[in-house]
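Produce the entire structure from the sequences given, and follow the hints as far as they go.
Protein chains in written order, with numbering that gives the first Met the number 0: chain P, 0 to 159; chain D, 0 to 210.
Hints were generated in silico from the structure; no laboratory data involved. Every clue listed holds true.
The calculated DSS-like cross-link candidates involving lysine-lysine, where the alpha carbons are at most 27 Å apart (straight line), are: (1) P:Lys-152 - D:Lys-75; (2) P:Lys-158 - D:Lys-75; (3) P:Lys-152 - D:Lys-89; (4) D:Lys-72 - P:Lys-152; (5) P:Lys-152 - D:Lys-82; (6) D:Lys-187 - D:Lys-143; (7) D:Lys-128 - D:Lys-96; (8) D:Lys-210 - D:Lys-187; (9) D:Lys-143 - D:Lys-128; (10) P:Lys-107 - P:Lys-77; (11) D:Lys-82 - P:Lys-106; (12) D:Lys-72 - P:Lys-158; (13) D:Lys-196 - D:Lys-128.
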Amino acid sequence: MKVPFIIIFLIALAFATTGAYRYVNEDWLLYRRAADFGRQGASSRAIPIFDGLAKKGFRTRDTLRLLGESYEREGDIKRAIEAFSQLVTLYPVNRPANFKLAELYDKKGDHARAADIYGALLKAEPGNRTIEMSLARALAASGRFDEAIFRYKAILGEKP
Amino acid sequence: MKRSPITLAVIVLLAGAILFTSPLCSRALEKAKPSGPSLQAGEEIPDWMARWELARTLGYARRYDESVSEYRKLLKERPDLSKARIEMAKILFGLNKNQEALAALESVDRRQLDPDAALLMADLYRTRKSYTMAHPLYRDYLNKRPDDQSARLRFAEMLSWEKEYEESLAEYRKILAVMPDDVQVRRKYALVLMWSKKNNEAAAELRRTLK
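Here is the structure:
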């Protein structure tokens with residue numbers, strides 16, 4: 000028996016084992032069921048499952064994201080913020096999660112906090128227009144008009 | 000084919016490692032994953048949108064001249080933005096540039112005017128003494144917002160200046176039905192009654208204001 004064949008066989012076996020694990024493991028089954036609920040728009044049914052999985056530490060990043068999104072769809076912005084705050088505490092450099100958290104703060108009306116997060120994101124990705132616009136909007140909404148004007152002019156490439 | 004014991008040991012160890020760790024791989028990879036894709040570069044945000052928001056923000060900051068300047072740049076690029084034109088008209092009105100404000104509003108399709116813009120246009124026509132132009136605008140506005148007594152009063156006054164006394168008095172009565180204790184409105188009402196030669200009624204209304 001040749002060595003390459005053995006290696007390929009072992010890799011295939013590893014994939015098969017992983018696949019089987021995902022189809023048999025209870026947490027995976029719950030995760031998929033909750034994800035299905037989310038896709039069907041039944042966020043209220045998905046929330047307790049994602050919540051339980053997140054507490055167990057199962058696929059924390061995706062579970063917390065989906066939990067936060069489910070809360071948002073249900074209109075519970077406070078809990079959505081909690082989920083995403085937990086997520087960015089565990090994964091501080093997860094930019095999409097940070098961006099989502101800032102959007103949620105905006106939605107809640109806490110524009111100053113949103114502006115802080117957008118500002119930090121912009122430092123990591125200077126020149127990103129999406130972030131710059133969001134920052135300018137949050138600054139304007141929090142009454143920091145001069146800073147917002149500075150940002151808008153920067154977006155337009157004009158002298159502040 | 001014969002293999003050395005070392006090669007066999009490596010294969011067995013490799014197999015063991017893969018089999019043992021594969022179910023845990025997903026968790027391990029989750030931790031090891033990079034921070035996720037970079038946020039979109041923002042190409043979908045056009046300059047005109049940023050300029051519009053800049054113009055608005057300058058307005059909020061009471062930097063009205065700069066705001067109008069940005070609105071003009073925006074409308075040069077996007078003359079179809081009626082909403083921006085209306086916003087600019089409101090700022091021009093705030094700057095006391097009534098003619099420019101009216102010109103801006105006149106270039107907007109009437110159907111696109113929101114109630115506030117329609118009222119502003121009516122007020123501007125009233126100031127310019129173009130009462131026939133203001134008349135339908137006030138009427139439409141008051142159909143939409145019948146509780147705006149301040150606008151109704153301006154309309155009632157304008158009708159009296161046009162010598163449309165009966166129509167004016169009807170509007171005054173609507174106001175007084177809601178605000179019966181408003182002395183100033185009642186005196187204006189009495190004045191219109193006098194102009195329409197209803198002196199006895201006018202006297203009675205004036206007497207009520209002296210109680």
